[in-house]
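Peer 1: Sequence:
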Amino acid sequence: MSEENTQKKARYITTTLPYVNADPHIGFALEFVQADTLARYWRLIGHEVFFNTGTDEHGQKIAEKADAAGQDRQAYVDHYAEQFNKLKGALNLSYDKFIRTTDEAHKQAAQEIWKRCAAQGDIGKKTYSGLYCVGDEMFLRDTDLVNGRCPNHPNVDPIQVEEENYYFKLSNYEEYLIEYLSDESVIIPDWQRAWALDFVKAGLGDLSISRPKSRVNWGVPVPGDDDHVMYVWFDALTNYISTLGWPNENGDFKKFWVEGETVQVAGKDQVRFQSIIWQAMLKSAGLPATDVVSYHGFINSGGHKMSKSLGNVISPYELVEKYGTDATRYLLLRHVHPTEDSDLTWEKMDEYYTANLVNGLGNVTARILKMCETHLEPFNFEPIDPTQFEGPMILNFQQAMDHIWDKIQRMDEIIAETEPFKLIKTDPEIAKNILVDLREQLMHVGRLLLPCMPETSKTIRAAVRANRKPDNLFKRLEE
RNA sequence: CGCGGGAUGGAGGAGUGGUACCUCGGGAGGCUCAUAACCUCCAGACACCGGUUCGAGUCCGGUUCCCGCAACCA
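All residue numbers for the first sequence refer to the working numbering, where the first residue is 7 and numbers rise by one.
Note that these hints are calculated values from the structure, not bench results.
Treat the hints with care, as some may be off.
To be verified - Pairs of lysine-lysine residues, derived as DSS-like cross-links and limited to a Cα-Cα distance of at most 25 Å, are as follows:
1) K274 with K67
2) K314 with K376
3) K67 with K311
4) K219 with K175
5) K121 with K261
6) K121 with K71
7) K14 with K260
8) K219 with K260
9) K481 with K438
10) K15 with K121
11) K274 with K354
12) K131 with K219
13) K354 with K314
14) K475 with K376
15) K261 with K14
16) K475 with K464
17) K428 with K413
18) K121 with K131
19) K113 with K67
20) K311 with K274
21) K289 with K121
22) K67 with K92
Said to hold, decoys possible - Pair by pair, the computed Cβ-Cβ distance ranges are:
23) A81 with S177: 34 to 42 Å
24) E185 with K94: 56 to 64 Å
25) D102 with E185: 38 to 46 Å
26) V442 with L483: 50 to 58 Å
Don't be surprised by glycine CBs; every beta carbon is placed ideally from N, CA and C.
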């Protein structure tokens, strides 16, 4: 390690934690792959990286589902946690920690942050009464009601509830949040930041953060009150630091959260949780804010939200099964806009796969290495030099991929223009020089692909070193 | 006048104030190293109206049409 590299800051990245009441969908896959690509890129340029993900496992909805299935609750969440953890293999994720909110250490951290907020005078208690929707785990206002029921759950009668709950005085942090959100670097994209700022400026109310155990008996106990458990969000958000060993304020927490650079990746529906509530909680507990939260859009299919009734749901496992791991990563990184909504259909994905991976990257690798294998001796390439990857923090994955595919297309053009396969018969020295140059360019592409398509990168680099045409990188789709 | 996002060739998408790009599709050639792959050329687009500017898809104002969100939504 050079001196320059040892000076590089540690970097932390986390996804949000999926709530384990359903199988993983494509949105999570997008989030995981974005975070993973960034983590791999950082490691490549010499940063020490902590990449966190995991599962959010408390709350009434999960308790009810487990109970309805006649399953032990812990066994139920164990099963789902495993479903999500399996994505690690399917998508080739490199996370350092898979935290579960039912982990004992996490529960203690959640209780500790509660105590800190309470000590700061930010937690109170008051009586809530009204109609409550179990589906959303929230009180309904009169204006919410549609035919007397929750608009999101029109088949279930809301229940009349009167109960005393703890609340977090979010309004204490209006001024702080306005200051935090005025910094242009804290949210990507900027229009989400503007929205968050407007939201805070409009005034913040109290946030209910507990539920009586008599009604919801599946959560982290409220410190000093056996009758209540924490509202699932308050518990879940704490994972971003409990995963680092907090409340131990040394070790990884100090290295990554306090002294390092922190990035959270989340869906666009998360702005008020990640950039408002969570930041207020951190401030209340006397902890540093997140440096930047990047919000991705949603993936639609055929112009509609994915839904079971429309039959247009695309699952991450289906993608991996059809195209393979790296091709799935490619599709999510290059053909999904990093911050806006995107639309994917099987037809379009087939097209992207065939045009850019089979006919593009795969084919050009085969044609170059076939010629090299026949006409050149192997060359001993230097290992990857981290400095050649130095650059700004890349969150615009589409742009980065476009840059690589420009180079791929350029290689095809050079072959057609210089015709080394023809020249080798008349002027072998010139032809060999062209091939040496092409091989060098292919190696470069192989290296650039490392963060986004790790296995493909490895295969290409190994094949270039071996000076052998590899088996087809991407199989042609069957008719 | 609630807030925000969007409108780019036949289709789907990129686009930092400076020759509008990519993939698919259409037409015409070329090549044989390669996964019937690849290359070249042709046709074809910045929703509408103003403004700023030497110069606008890009910045500003207005109009029309789509799409989200509107306090605890995973």
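Peer 1: Each hint needs a verdict: does it hold in this structure or not?
Peer 2: Evaluated hints:
no. : hint                       : in the structure
1   : K274 with K67              : holds (22 Å)
2   : K314 with K376             : violated (46 Å)
3   : K67 with K311              : holds (23 Å)
4   : K219 with K175             : holds (22 Å)
5   : K121 with K261             : holds (24 Å)
6   : K121 with K71              : violated (30 Å)
7   : K14 with K260              : holds (15 Å)
8   : K219 with K260             : violated (35 Å)
9   : K481 with K438             : violated (29 Å)
10  : K15 with K121              : violated (31 Å)
11  : K274 with K354             : holds (24 Å)
12  : K131 with K219             : holds (15 Å)
13  : K354 with K314             : holds (20 Å)
14  : K475 with K376             : holds (5 Å)
15  : K261 with K14              : holds (12 Å)
16  : K475 with K464             : holds (14 Å)
17  : K428 with K413             : holds (23 Å)
18  : K121 with K131             : holds (14 Å)
19  : K113 with K67              : holds (19 Å)
20  : K311 with K274             : holds (14 Å)
21  : K289 with K121             : holds (13 Å)
22  : K67 with K92               : holds (23 Å)
23  : A81 with S177: 34 to 42 Å  : holds (41 Å)
24  : E185 with K94: 56 to 64 Å  : violated (38 Å)
25  : D102 with E185: 38 to 46 Å : violated (32 Å)
26  : V442 with L483: 50 to 58 Å : violated (34 Å)
Violated hints, in rising order: 2, 6, 8, 9, 10, 24, 25 and 26; the structure is consistent with all others.
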